[in-house]
Every structure is written in C-alpha cells, then in structure tokens.
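**Q** Take a look at the letters that make up each chain.
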Amino acid sequence: MYSYKLSYLKQLEAESIFVIREAVAQFENPVLLFSGGKDSIVMAHLARKAFWPSKLPFPMLHVDTGHNFPETIEFRDYLVDKIGARLIVRTVQDSIDQGLAQEEKGPNPSRNGLQTVTLLSAIEEFKFDAAFGGARRDEEKARAKERFFSHRDEFGQWDPKNQRPELWHLYNGRKNVGEHFRVFPLSNWTELDIWQYIASENLEIPSIYFSHQREIVNRKGVLLAKSEYISLLKDEQYQEQTVRFRTVGDMTCTGAVFSPANTIEDIIAEVAAARVTERAARADDQRSEAAMEDRKKQGYF
Amino acid sequence: MEIKEQKRDADLLRFITCGSVDDGKSTLIGRLLYDTKTIFEDQLQNIERTSQMRGEEYVNLALLTDGLRAEREQGITIDVAYRYFATPKRKFIMADTPGHIQYTRNMVTGASTANLAVVLVDARKGVIEQTCRHTFITSLLKIDHIILCVNKMDLVDYSQEVYEKIKTDFQDFISRLDIADVRYVPVSALQGDNIVNKSTKMPWYEGSTLLYMLENVHLGSDLNHVDARFPVQYVLRPQSTEYHDFRGYAGRVEGGVFKPGDEVLVLPSGFTSTVKTIETFDGPVAEAFAPMSVVITLTDEIDISRGDMLVKPNNQPEVSQDLEIMVCWMSEKPLAKGKKYIVRHTTKEAKCLVKDIRYKMNINTLHKIEEDLNIGLNDIGRITLRTTLPLFYDDYRKNSGTGSLILVDEFTNETVAAAIIL
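If you're matching them up, the sequences are chains Z and S in order. Residue -2 is where the first sequence starts when you use the numbering used here, and the numbers rise one by one after that. Residue 10 is where the second sequence starts when you use the numbering used here, and the numbers rise one by one after that.
Bound-form chain S, shown alone (with noise of 0.2 Å):
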C-alpha cells in the first residue's frame, strides 16, 4: 500500500521540530519524508547530483529542506519552512524550524501554530542549553505533547545507557515545566533507526517508532469548546436585490460553539441579541465551533463592527486596557519602556504603551532576571502593557486565540514581538 494515500477524513496534526544546530535536524526530516516515500524521484535526483558534486559520503538529505541559496550555503537552516506528508491515518504539517540562537523568533513562529514539538538531541552531547530553550518556548507557547528524539545513536554504539542518561536530564529539566505530555525515542536519522522504521539495532528499546508516536498522538484538546468567543473579522452587507436586508458577521469561531437560538453579547458595547442563523456558502448550519470561519447573523439590528466580539452573557472575556503579558522580542531594536506600539489581537487593531517591565526570563535556568530590564532579540520577558481601547481576551492557557497578540512598530511596521496574555 502506498503510504502517503490520504483519506479525506483523516485528521490534521501540525507540528514543530526543532534542536540545535547540527543535531541532524534536517536530516532527520529528510529520513522522515524519505521513508514516507513523500520525497520524488526529481527531487531525490537533484540532491543526488549536489551531493556528489559536493563530494559528500552519504546522499545528503538535509539538501531536500534547505531551501534557500544562503542555507545552502552555509549548511544551516535560516527561515521556518513547512513541509506536508501523509499516511492513511493522518495528515502531517511540519514547521521545520531553525536552530541557531538568532533564529529563535522563527522558531516561536512555527510553534505557535503547532500540537505537538519533536526535539532533537545529539546522543553525543545530551541535554544541552538549546534543547532546554526550545523546550521551555514549547511550554510557554502550550504545546500539549512532546516527542524527544535521542540522535545519533550510531555515533555511539547504540548504547541504552547513553540513551537513559539523557532522557534522565530532560525529565530532570521538565519537572519545572508544566508539560503534560512527553515521549522519548532513540533515533539514527541518518541511518533510518526508529523514524519510520522499528530499528533492530537497540532491541533494548521496546517503544514505538517517531512516525507511529506521530500517527497516534491523540489530538482534540487543543482547541477550546467551552467558552464561546466570536471576533468580528468583517461584515457582509452584499448590495443585491435577493439580499437586501442581509447584514452577517464574518468571522472565525475561536472557541466554544455558537447555535442559532443562542443569545449572545456583543463587546464592547454591551447589547445582547439572539443568533438567527449561522451561514456558509453551503447552505446555513445548525452550529459553529472552532477553526469553523461562518457568518452569523442576529435577530437585531446592532451596530457592530470588524473587532467586536460576540460571545454567550454568561461567559465572558476579561476586558481591559491594562495587560500583563509575556513577551518574545522579535526585534534588534531592544524593547523600550515608555514607547508606543500597535497591538494587534483576534482581528482587533490598537495602540499601546509599555508600561512596565517587570522581569526578563534566563531561559536556560529558568530564573527571573530582575536587575538587567534590557529586553533584546529573542529575549523572553514579562512586562505590562496600557492599551488606547479595552481587549477583550482570556488567559493563553484557556485560550491561544484569544490569549496571544503581536507588537508592531508603528513606524517600521516590522512585527517586534509575540505575546501570550497572562
């Protein structure tokens, strides 16, 4: 059977690898498309012919995702990159994300899409203080399931205790993270041990191969279903005779599950009305959850515009102008108490202030820093801000789309920061 036929119900599963420089990270994704049998003869070829010329022992799979010219030049991995493949259980986004230290923002960029981290270590080098960043930016950022790829192997002996003495340190280090779920497999990405393939090199290893940790992972708890949010991203008043009178409410449902017959509250005004019914160019639907985009239309004529939200009156939001939030700087012009900025969060738009920053976060040790407030590139720090209009938001941990929200320089228009709501 071919692996990579999809069913069209299969379900989704986006998730992140990352780990150090040189870890084999890349060659690992290779190892995975390859034994997926997701890469083609083409592009099999193509990086057959650069990796002779380059006069390469091995058939050089990290060449199928370096993708840009630098990259190849350099060897490394530059930009967040995705990459699709599929087995009849499961359809798999992967954000392949870089491992150097000034990469970091990328790496918060594949992650806060993703369900699950896969990363990497060198059997050789174990639990260094890279693996300990991307695993605490993965708790940060609620990504429920950890995989932890011991790589490798081959370089040394396939050794169990070598295997155990990392996967010792890792559990050491999680048990300050608040991560529900972690799994561990010893790997050679280069060799193809336990990627696709049980490998029968380590017969001490008795758990299941990364593709399979990957096709049964259970999924499901990442969305919220309870608390009903509804951010206005635009409003439909087609011109038409046929209709006329129709005004909806696009928008994406970011949690709980909106019916018609619900009432509902609109903020920041404050009116209530009831759902009449809820759209799609398929004809209306008896109820809308999360991802669904609709359009939702109210029994009242309410003035209500892109930003607002809808959601149930007996379960909403925080609202408020004043935001404690945690920060990952994206920017080289270091973050400035006192500086204006525009905020944007779900689909509304507004200036802020930072008021105060209270801590910068030693990401390797996991300790506060209170005497250097200097909050650079791919620092990670709790400050406050003041916003020019009330947010209507929940916490990250009950919510990432309504909890996260992006910096923007009003002047550079360049995205300096992303933000998780505490």
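Isolated chain Z, as found in the complex (with noise of 0.2 Å):
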C-alpha cells in the first residue's frame, strides 16, 4: 500500500507556501524582502511555487545599505530579471543623507542597524502591510520565539511579551491602521535545511557562498573581508585566504569562514559538521548578549 507520507522537506516545503499564500489572501499589499541572500532565494524561489503560474502577486524590496558585496548585488539583479520580478530599493545611504539616520563612528562602522530605519521608511512610503522575510528560528535565541505572522505596532516595534498566539495553522493578520505585519514563512527551516532545499531545487546562488582567494582581517575572531568601508587598526594588515561566506550582509559585519568548499555538497557537509553556529561570524550579534532582540525590538526584521 502507498503510505500517504512527505519527507520533513517537502513538508517545510508545503508549509511555507501555505504561509505565504495565507499572506497574500490577507493583507493588501505586501513585499518581499529580498537581500540576494540564500535564505531570500529560498524565499523567491517558495514564492513562485506557491502562485505559479501566476506571476509574484507583490514586488520585492531590498534595503541596501550600500556596504554590499558586489557579487550579490549581481547575483540580486540577475535573478529579478531572471524570474520577471519588480524590485525595489531603498538605500541607507537616503536615509542618512534625509537626516533619519547617522553613520556610526569607529574602525567598522556598521549600517546593519540602520536598515530599520530605511525599511521603516520604505514600508511607510509604499503602505506596505506585510514584508515577507527570510528570518529562521534556528538563527538566534530571540527569532527562536518569533511568530510566523509578526505584528507590528505604528512605530514598527515588536514586543516579544505581547505576541499572538499562533495556534494549529490560523493565521490572524488583522491589524490596526498604520500598523504591519511581518511575515516568516521559512520560520521551521534550519541553516542545514535551506542547504539541503538548494541543492534538492538546484538553485543558484551568489559565487560568495563558494570557496575562493580574498583578502581579508582577522578582527576579534571575525574575518572581515578587504572593502573601502573599514579602514585597519594598528598591527592588522590584509592577508590572502581561502574563504567563503556562511551569510551574506553587510561587508563590515559578515565574516568569511576558511572553507575548501566548492559545491553545493560540500557546502552541505562542511554545514552538516559545523562547530558554531553561522552567525558566530556576525559582528553585528556579538556586540551585546540581546542584540538580535534589540534590534526586532526596534523594527529590524
């Protein structure tokens, strides 16, 4: 007898595209956010499955913070145009030069947490009511306990003690006026996961995933790759490596892992035996014990 079964993939599979047609049926207007990521492929990729062969019902929006790097800008334009999307981009760089937001000083100034003030802006500018995201809970402690339908009050913040209940697969995306959703279809999805549906979907990727020679500063334990956005302390200096990059953000907060990786196979077992986690390599994490938490607090996704 036939047994009436789909692996656990399939099955995160069926699930987010559940989500993100639940979205799509609730909210006005939603947008994708899209950062040329390997989680925001998967995201795309989920998105076209669930209305084909219907064009993507909504546009995607990458905030840019002008710190990328240039492959994945490449690699973003590339699959837009690929699979017939609109895309939107709102810079940080507006939302400093309009006075909403400040630079940071230092040796690596990041702009990581200044994306939430030019996605507010953005979500306000266009009265998006839902921004899908490619966040997973597996990430962090405090997107552990986020929700698949994010609420977000008049100012963007999410209050972790004031959630709604999520219960079997009723989604309640009723909202006030002026307020919005944020929505994370890949929620059940593990970095070993989103690896694994790449390779079973064959997706492309950004050459950044890929091991290659770069040169790079060993700051505090991060591998901050050689760009014009940081500028060397006393006794660092540039070295050539074999690296590859295990997320991609920011150049001045994304750290390269030191990886012979070439495929997507070996990406998966150099994944599957990791020691630490993936974002280990994110400056930006590091900076306090409630970062993350923080940062969702004010409106980051």
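Think of the hints as simulated: they come from the structure by calculation, not from any bench. Any given hint could be a false lead.
What the hints assert, rightly or not - SDA-like cross-link-like pairs, simulated, lysine to any residue; straight-line CA separation at most 25 Å: (1) K321/S - S0/Z; (2) K2/Z - K342/S; (3) K342/S - S0/Z; (4) K172/Z - K321/S; (5) K46/Z - L245/S; (6) K46/S - T218/S; (7) K2/Z - N199/Z; (8) K2/Z - T286/S; (9) K79/Z - K342/S; (10) K52/Z - S314/S.
Since each chain sits alone in its own frame, please combine them into the complex, following the hints.
**A** Now the structure itself:
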C-alpha cells in the first residue's frame, strides 16, 4: 500500500507555501524583503511555487546598506530579471542624507542597525502592510520566539511579551491602520535545511558562498573582507586566504570562514559538521547578549 | 558519526515540552541539544561566560533556551520558543513552552501543532496540579503520544521507589483521559541520565532513553487520509497569454486524497464538478494528500472563492451556523455571553455570537463547574456559537485542521481564544 508521507523537506516546503499564500490572501499590499542571500533566494523560489502559473503578486524590496558584496548585488539583479519580478531598492545612504539615520563612528562602522530606519520608511512610503522576511528561528535565541505572522505596531516595533498566540495553522493578520506584519515563512527551517533544499531544487546562489581567494583581516575572530568601508587598526594587515561566506550581509559585519567547499554538496557536509553557528561570524550579533532582540524590538526584521 | 547528520528523506516529529516552573525543563532541553551536538561552540562559550559571571556552579543549560532579556532576568520562560535538531533517524521541531500558569495559552499554542508531548515532573514533588493541567490540555488537543519524564532523579538518590510511585499516580490520573500512548522515563537533565545516553545509576530501569523514544515513536496516524477536504485559500487567474484560461484553486489538503478524475462537491454552493488536474510548480501530480499545498483545476467553470471547500459528494463535513466548542481563553478580558467575535476557521472568516456558556472546566480535577461561568484568561470551557455564515467542519478528533478555530476580538484584533469543535 502506498503510504501518504512527505519527507520533512517537502513538509517544510508545503508549510511555507501555505503561509505565503495566506499572507497574500489576508493582506492588501505585501512585499518580499530580498537581499540576494541564500534565505531570500529560497523565499523567492517558494513564492514562485506558491502562485505558479501566476507571477509573483507582490514586489521585492532590497534595503541596501551600500556596503554589500558586489557579487550579491549582481546576483540580485540577475535573479530578479530571470523570474520577472519587480524590484524596489531603498538605500541607507538616502536615510542618512535625509537626516533620518546617523552613520556610526569607529573603525568599522556598521550600517546594519540603520537598515531598520530605511526599512520602516520604505514600508511607510509604499504603504506595505506585510513584509515577507527569510528569517529562521534557528538563527538566534530571540528569533526562536518569533511567529510566522509577527505583528508590528505603528512604530514598527516588535513586542516579544505580547505576541499573538499562533494556533494550528490559523494565522490572524488583522491589524489597525498604520500597523503592519512581518511574515516569516521559513520560520521552521534550519541552515542545513536551506542548503539541502538549494541542492534538491538546484537553485543558483551568489559565488561568495563558494570557496575563493580573498584578502581578509582577522578582527577579534571575525574574518572581515577587504573593502573601502573598513579601515585597518594598528598592527592589522590584510592576508590572502581561502574562504567562503556562510551568511551574506553587510561587508562591515559579515565574517568569512576558512573553507575549501566548492560545491553545494561540500557546503552541506561543512554545515553539517560545523561547530559554530552561522551567526558567530556576524559582528553585529556579538555586540551584546540581546543584540538581536533589541534590534528586532526597534523594527529590524 | 556526527549525530546531527540529517537525511533528506527523514521524517519529522513535532513535539512540545511542558512541565511546571523549576521542573528543569530548560535544563532538559539544553541537555537534549547538548548531547545531540546541536549546541555550537560559540553558543556554549556564551552561556559559560554568563553562568560564570552569575557565580553559578554548573554551566546553566537553561540559558540556551531563555532567549529574551526578561526571561533571563527572571530565570523563567515567558513565551513559547521553537528549537530544531536532527538525528540520522529523524528531524525534530520542539516547542518549548512555559510552565507558569499565566502562560497556559502559550502551551496551547505549542501543543496545537505537536504530535507528541514530553511532560516533565520533579521527582521530589511528584504529580502536581500543573502536571494534570498540562496533561489535560495535551489530551484535549488530541496529542496521541505522551512521555512522562521524571526529572531530578539525582536528588532522590535515583530511587526506583520514588519513580514507581510517580508512575502509578500519573497512571491513575490519565485513566480518566483518552490518550493512546504513554511512556515513562526516569532522568536527570542536569547530569544527563537517560536523556541521550543511558544512565548507569539506575540499573533497575530497563526502558529506553528519552531520545530513543522520540526517534522511534510511530508517526503517521496524525493526519487524516480518509475524508477529503480542500479549503480554498486563493484563486489563481494568471493574466498571461500562455495561461489565459487557467483558473486554479490554491490550497492545502486538510484531509483525504484528491486525484484527477475525482468527482468533487463545492461548498457552500453545492455544485459538483470533476478534478481536471492537480498542478504544482514542478508539474502536475497524480494525487494530493494532507499536508500538501497544491493547485486544483476543475473541468467546469464554477464560481469558487477563498473560504469555500472542495469535498467528495459521498463524504461531506458538517455544515452549520451553530457550533458546540471547547475554548481555551487567551485574553485578559473575559469571554462575554452575547458578545460578537470574529471567527477564523480553515480559510474562512465570519462573525459569531456567543449564545451560551455551558460550563467551565476545573482542569485540575476534570470536574465541570456549572455555577461559575466566568471564563477568563487561561480558562477552558464549553460554549455555543452562532455564526453569520455556515462553517464546514469536522469533529476535532476526526480532523484537527477542519475541527479547530480561533476567535478574534473585532476591536483590538487580538486572538482571544483557541477552540476545538465537538
């Protein structure tokens, strides 16, 4: 007898597609936050699956810090073009120029926190009432508390003590004017799931995920790529190393890992055997014990 | 071999952990993650540092799971958190729910998607009110499997007598409930006895470890593959030359199996048609079953929209505007008889009126209270609703997808209740 069973990856896929459709059915004006990283690539793929043979019923939004890896931006534009989506780009630089945000000082100023300001003004500008994000609960302890449909007040704030209970798969997206939701269809995925899914769906990814030669500087254990956005401290120098990136974010806070992994299968093996989290290489999370929670409360995704 | 290796065709167990405050739940979870090598070095260094700074004797594994500032300050878990780990056999999604009475609603939240519950008791305290409360909710939400973990065995000298007493007490309690599969394991989360590795300190215990139980419990009966139910979530009408005449109904199969050629009945209109194709991005499929998310096309053009349901003519759900439900109240504002709420059921939204409050449940004694019908935060009670539109539903025990609903306050938009349909 045939057994009606789905593998866990197919179950995760089906759940995410359900969540994406549910958000589109419940909200007037959703948007998909897209950075060109692996999670947003999977998100875009699932969104296509959810509405096929229709096109994506919402645009994509990239909140550009201006400190991105050029390979990521190139890939972003390639993918958007390939799937025929509409891309909106809003830049942190604009928010700074408008006096809404202020650049950090110090040896490697990060614009990561400033993304919140730009994101919230873009949400206001386009009157988006739901923003899909590729955040996963396995990433970080504050994210482990996140809901699929995450309510934000009129200031974009997350209140972890007052989240709506989420029962079965009944998602309550009702809100008052000015409020919005963040929707996280990948909540139940882990880093390894993402890679296994990328492998099984044969998805393209930016080259910086694969091993390559790059000049880096080791700053307190975080391997930062050479770029015009950071300046060397006393006694520091760049060294050419064989590295790849586990996460793709801002060049000023995203650390590389030493790795010879050249294929997706290599990456899967490496991630499965990893002894540190992917966010261990993110300098922005190491600023305090509750760095992510604090940023999320402000409106970070 | 790396224990967290995961196979792509592995199956998935969703479970909930519950227990009273200070029963050592966070420590148990920390231990489970630690011993399955799911904890990473940077996370461990982090909590080692914090434990040291706080002057704690052991590395406090509970710090791993208490992620929010307020939780760390108070040393308690406030909100449900989801954790993930895998073994070569299975992948696990664990809902870590708080023990405090005032967070019962979060326990219901975690339990609503679980296949199994791990109920923790402190060996020194035995079966207490909270144990009963959690177990009752577990049975109410039809979780088929329970593992009772008798924790802190190290503090009772690994006494078999203590363990057997608690086991007997628990068996007495659950004899009044309808739970198919209950297992017992004596553990020390702090010392790691019988969590992942078999303890040498309790030679009298011949059963398996907690992890072994989690890996081997039989799954598969949780989803309904008999009664065909397809709530329409979204209608796809691509405005493209290639798919000019395409009209597809996107949704998730909530029960049964749909195949091309099947005759289907559309609710509420009552029209019948035939499944033409079952479409996915990866191509058409020969059949769709729960919990697949697919697109169904029909041979006839019928007016169908979100909230409608495709079923089989010879196997129909209940259709009614009058519902008998058990609610778990989740709001500080008590349930009000005669008040209107918004009801969300499958993909349908309607308004409803609370017609009658039948009784409140004393969930510690399992008695019905008929003299106090004031249902407030964390109370469970039986009520009747009258809805503005007919709902298509099944008994929760038959299908949790079509047998569950939530109530939403129409002014604050808060989810005020979780309910199962009787």
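**Q** For each hint, tell me whether it holds in the structure or not.
**A** Consistency of the hints with the structure:
no.	hint	in the structure
1	K321/S - S0/Z	holds (21 Å)
2	K2/Z - K342/S	violated (42 Å)
3	K342/S - S0/Z	violated (46 Å)
4	K172/Z - K321/S	violated (36 Å)
5	K46/Z - L245/S	holds (12 Å)
6	K46/S - T218/S	holds (16 Å)
7	K2/Z - N199/Z	holds (23 Å)
8	K2/Z - T286/S	holds (21 Å)
9	K79/Z - K342/S	violated (51 Å)
10	K52/Z - S314/S	holds (19 Å)
In summary, the structure is inconsistent with hints 2, 3, 4 and 9 from the numbered list given earlier, while agreeing with the others.
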